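Trainee: Respectively, the protein sequence lines represent chains A and B.
Every letter in the first sequence is one number past the one before it in our numbering, and letter 294, counting from 1, is 294.
Every letter in the second sequence is one number past the one before it in our numbering, and letter 379, counting from 1, is 754.
Among the clues, some could well be false.
Unchecked claim - Going by beta-carbon spacing under 10 Å, a handful of chain B positions derived as facing chain A: (1) Gln-462; (2) Thr-624; (3) Asp-628; (4) Arg-636; (5) Phe-655; (6) Phe-656; (7) Leu-681; (8) Glu-683; (9) Gly-686; (10) Leu-706; (11) Cys-707; (12) Arg-710.
In case anyone wonders, no lab produced these hints; they're calculated from the structure.
Predicted model only: the values in this text are computed from it and were never measured.
Glycine included, C-beta positions come from ideal geometry on N, C-alpha and C.
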Amino acid sequence: MNLDALIPDYVRRFQAYVPSKPDHLLMQEYGAPRLHRLNNNENALGPSPAAASVIAGFPPGQAAIYPSGDSYDLRIALGDRCGIAADRFLVGNGSCEVISSVIKAFCQPGDNIITADKTFAVYEWVAEFSGIEARLVPLRDYTFDPQGILDQIGPKTKVLFLCNPNNPTGSYWTRQTLIDFLEKVGGDKIVVVDEAYREYVEDPEYPDSIALMERFPNLVAFRTLSKMYALAGLRVGYLVGAEPVVAVVRRTSVAYSVNALAQQAALAALSDDTAHIAATRSLVREGRAFLCQVCSDLGLETIGGEGNYLMIRTPINDMLMYRRLMKRGMMVRTMTAFRFPGWIRVTYREMSVMVSFAEALAEEMRLMPMISGAT
Amino acid sequence: MYKQPITSKPGSVTARLPFSASFLPLAMELVAKGAGGFGYKDREASSLVLAMEELFSFYARQVAGDSVLEIILEDQGYRLALTLAFQMAHPDLRAFNLTWRVNPDNEESLEMLGPMLAARTVSSLRMDFGADELVVLRVTRDRDYAPARNVALPPPDLTQAIRLVAPSADDVRHFAAMTASSSATFMPKFLTRPGMAADMFAAGHLHALLANSGDWIIGGVLWRPLTDTCLELYGPYLFTNDPDDLVLTLLLDEAIGRIARSAYRGVLRRQGALARHERFFDFLGDLELQGVDGMTKHCVYYYRQLREDSGGVVYCNDPLAAFLHTQYERLCLPRQVRARVSDDAQLRDTSVLAIELEQARSLAIIRPLCAGKDMATNLAAHLELLRRNGISNFQVEINTGRGDDTAFAGPLADTGFVPRLLVPDAGLGDLVIYDHGARDGLS
Ligand SMILES: Cc1ncc(COP(=O)(O)O)c(C=O)c1O
Chain A
1 MNLDALIPDY VRRFQAYVPS KPDHLLMQEY GAPRLHRLNN NENALGPSPA AASVIAGFPP
61 GQAAIYPSGD SYDLRIALGD RCGIAADRFL VGNGSCEVIS SVIKAFCQPG DNIITADKTF
121 AVYEWVAEFS GIEARLVPLR DYTFDPQGIL DQIGPKTKVL FLCNPNNPTG SYWTRQTLID
181 FLEKVGGDKI VVVDEAYREY VEDPEYPDSI ALMERFPNLV AFRTLSKMYA LAGLRVGYLV
241 GAEPVVAVVR RTSVAYSVNA LAQQAALAAL SDDTAHIAAT RSLVREGRAF LCQVCSDLGL
301 ETIGGEGNYL MIRTPINDML MYRRLMKRGM MVRTMTAFRF PGWIRVTYRE MSVMVSFAEA
361 LAEEMRLMPM ISGAT
Chain B
376 MYKQPITSKP GSVTARLPFS ASFLPLAMEL VAKGAGGFGY KDREASSLVL AMEELFSFYA
436 RQVAGDSVLE IILEDQGYRL ALTLAFQMAH PDLRAFNLTW RVNPDNEESL EMLGPMLAAR
496 TVSSLRMDFG ADELVVLRVT RDRDYAPARN VALPPPDLTQ AIRLVAPSAD DVRHFAAMTA
556 SSSATFMPKF LTRPGMAADM FAAGHLHALL ANSGDWIIGG VLWRPLTDTC LELYGPYLFT
616 NDPDDLVLTL LLDEAIGRIA RSAYRGVLRR QGALARHERF FDFLGDLELQ GVDGMTKHCV
676 YYYRQLREDS GGVVYCNDPL AAFLHTQYER LCLPRQVRAR VSDDAQLRDT SVLAIELEQA
736 RSLAIIRPLC AGKDMATNLA AHLELLRRNG ISNFQVEINT GRGDDTAFAG PLADTGFVPR
796 LLVPDAGLGD LVIYDHGARD GLS
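Pulled out of the complex, with its shape left as it was, chain A reads as follows (with noise of 0.2 Å):
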């Protein structure tokens, strides 16, 4: 078989993605004690009471049955929420996959998406695997920049991505700046914005995108329930806009995608988010007030902002402190892949594994002579 000959020319360029291994198999290669990972911005406090009731007590019969195809119920309870009709709501199998959706949606090949360089990098794969040219714009102080992005919008131009608040920079765009660009852009475009981790930011300028979409139907955007509601391992993701381009959207997506389970502890977890967000924040804050304290007496650089999540510069290439930090069961995100060489990216979690994080980096700091003398 000639399998080149049957691949598409931008999916033999195109890398994939290698997740990481399960926990045993890594803790047995670095010869690990135990494994925390810190690695991919969960919340460590897990899904709320409610969630989890709906989860220990899933009939095991249920899983004979095909789910809503559309996700009726989890729909009308987000509809009800925001004050909207449910046919605004996409539910996908996690946010990820209405990236994929938007992009079969309105891109042909010729066309182009823009983003950031360093962000989330699935809008830029998806687009690349789809034959889509990504449009990358440096961020300006660690922010998405407007003007860059404006400048770089073309004829061919059909979706913008903004991550808001940024992974992995935390910084985000207030409801000035969204209003500012949005009148820029104009209606001719659709402009997303990726809010997987709005329910950490607290500033009251952080913007409805909801409230916005009135004004800008051209406005959609991405929550996800992985991050603040701690379903991330039951994948449900949702996207909102104006009804008809969800519609359109809809035609690129694929039904029963969104599992039973995952429908039914989507619901309970938003019906039950109050203390669940104000215990998840405390947390955050909490780690934030610590690390960042850490990381000031070490004497190592440090950019964060909103989201559950800090970066760290490294005195050594951030691959060899990934692997470093490893051997004492601290599984820390490396930001090359971001753009970002010599930096970690860190997940806050419980004081407990805060402490244990800081003395591993701490003990790896004093090492530090040590490693860069080998020349």
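Given the coordinates of chain A, assemble chain B with the ligand onto it according to the supplied hints.
Mentor: For chain B with the ligand alone, kept in the frame of chain A given last:
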């Protein structure tokens, strides 16, 4: 690895010929006329014609009567690349040992050295063996380029803002001349020949990022593929004072950022020492090379992964196992080293080695192809033969993920080869590089 049926590309000439002596003139003519057609001078063309003559006659004798030879002559802008590919139903791989049928005590038998002779005239020669008993020989001949002329360098204390720029081919040409004028040490050939750097850049075989200040280019960094999994980085070359490594850091961070989402798993830098390298690279070790001028050069190997490591298992025995343990420990690489259980009696009688020759550095890179009972004698015979042919540097590369390679560990030690460093993920598994020399009192 070459495996596709030949499809013609715009810059290439391709042909399939019966692989027998009577077609030798046609094969030579094809190279001569093809090179001329691509605009290469006679002198450049004639070395490839000679290589074709030597390789064709040497290997045509080894193959079965009905074999077919596929020839690709490709103009890569800065060099001509000639690929010869053929299948051997039951290859007698001994034929690919340079030393086969050569008796070093008998000058006459040096006549058998077709590949050696071919290698002398070209820039590089390499043999690869693929699936389906496919043999691929590649030779390249660089265009002749004028050496760099002196150009002006910026004053050492420029104060204007620094900008990183994606250069044009002309910028790369000028930058190469600047590196030559700055008498930087460890210059790859393409920087000493600015036209070559520009042509390589235009062909997409070289990438670069420059730093500008005002009207001046004040530094730059270059990179190009070394293997399918590894890039090689050159520089940064800096022409002004950079007391806080500001320009160096800008260049390296941006360059690594640009290649971070590529197919490559790592970046290697093997030049002189880089002060305060640790933020960018892991230190792997260093190798000595005897220059053609008699001077010894230290190549310091630095490396950085581009992706989080995904682990691996190596099967091998001491002394290699001990070396690997130390390296894996030092570099914190998650690898398990397990004892290799193999019965030497099961080995075939003869081992096979492939050689890559690089004339400019008088360097032979030896790569095991097949393990065999005669590994130590075969290695020794190759050393002897290559030495007689004026080669003064020897390196052996073995893949930790390949049993035929790791089987060479004992014989390598017996013949005076010393493992010097390990390049993670650079081959099938990691690559261990040995050299051979009187360094540290070893011989
Ligand atoms: C900015 C951003 N968007 C989307 C996602 C993906 O979320 P989901 O789990 O809903 O696919 C992530 C997860 O890391 C993220 O950081």
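Trainee: Which numbered hints does this structure break?
Mentor: 1
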